Amino acid sequence: MSLITLTTDFGLKDHFVGAVKGAIYTELPDVTIVDISHDISPFNIAETAYVMKNSYRSFPEGSIHIIGVDSELNQDTNHIALKLDNHFFICPNNGVISMIASDFKPEKIVEINIHDRVESSFPVLDVFVKVACHIKRGGTLEIIGRVIEDFKRLIDIQPVISSDNTKITGSVIYIDNYGNVITNINRKLFNEIGKGRPFTMHAGRYKFTKIFEKYSDIVNFDLPEEQRNQDGQKLIIFNSSDFIEVSIYRSNMKTVGGASSLLGLDYRDQLTITFE
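Residue numbers for the sequence shown follow the numbering used here, so the first one is 1 and each next one is one higher.
Note that these hints are calculated values from the structure, not bench results. As the structure is a computational prediction, the values presented were derived from the model and not from experiment. The reader is advised that the hints may include incorrect statements.
[Unchecked claim] Here are the simulated lysine to aspartate or glutamate pairs, EDC-like style, with alpha carbons at most 20 angstroms apart: (1) 234 x 269; (2) 207 x 269; (3) 130 x 70; (4) 108 x 149; (5) 108 x 85; (6) 234 x 192; (7) 108 x 61; (8) 83 x 103; (9) 195 x 149; (10) 207 x 266; (11) 13 x 35; (12) 21 x 35.
[Stated by the list, open to error] Distance windows between CB atoms, simulated: (13) 250 x 2: 36 to 46 angstroms; (14) 196 x 169: 17 to 27 angstroms; (15) 169 x 212: 19 to 29 angstroms.
Every residue, glycine too, gets a C-beta built ideally from N, C-alpha and C.
Work the whole structure out from these sequences, hints included.
This is the structure in structure tokens:
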């Protein structure tokens with residue numbers, strides 16, 4: 001079974017999400033539509049890439065993913081459809097696919113060319129929906145576009161390695177609902193460069209010298225319960241997606257705040273890891 005997912009920065013206040021779903025159901029009344037997120041920060045490509053990378057593989061192979069973030073067609077950004085890791089993606093060619101494609105090479109990419117027949121200021125509705133429904137009916141990618149060899153890369157998703165392999169310079173690419181700060185440095189890169197050496201990570205004016213596997217690892221459960229409270233302590237972990245995450249243990253955004261607000265870290269802020 002294949003289905004269609006939606007990931008956009010439309011929010012839920014306006015009519016946009018409903019209009020897109022209505023158009024899909026008009027063409028495919030029995031299709032299953034799943035919302036991945038409509039709360040992507042406006043035009044935030046790195047955030048979109050992170051969300052997609054960590055969600056699409058939970059869906060059945062053959063699923064069709066519409067990505068509607070910064071999707072206006074212009075001289076710098078065309079529209080593409082591709083088959084990647086046995087999934088189909090329909091998106092602007094603005095680098096959003098590059099985090100997923102860092103692990104898998106696309107099997108086929110086409111530049112969508114149905115714009116010649118459709119003039120639109122709402123391409124997710126007027127173009128992406130038509131492409132998704134075409135694919136869902138079993139149509140080939142070549143029918144809706146010409147085959148191309150590559151796509152745009154999102155440079156700020158990639159950390160920078162020093163020439164002597166002693167330093168990784170990364171950045172914040174996502175802040176989750178708990179205020180946790182996700183970096184673009186993953187476990188594989190950390191291990192390849194670090195090779196088990198001691199390290200210091202600088203994030204804003206704070207530094208860390210240990211990475212935990214899960215949040216509760218900061219708690220010493222050998223202590224009596226009344227002595228082990230670590231609520232509000234800062235830590236870094238390899239999160240469920242294997243990226244380094246800066247967190248506050250048991251943070252509460254409504255009262256104490258999360259790592260982003262308490263440590264003064266925001267999207268695109270730089271951080272460094274230095275190995276001894």
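* Could you check the structure against the hints above and give me the numbers of any it violates, in ascending order? => 6 and 9
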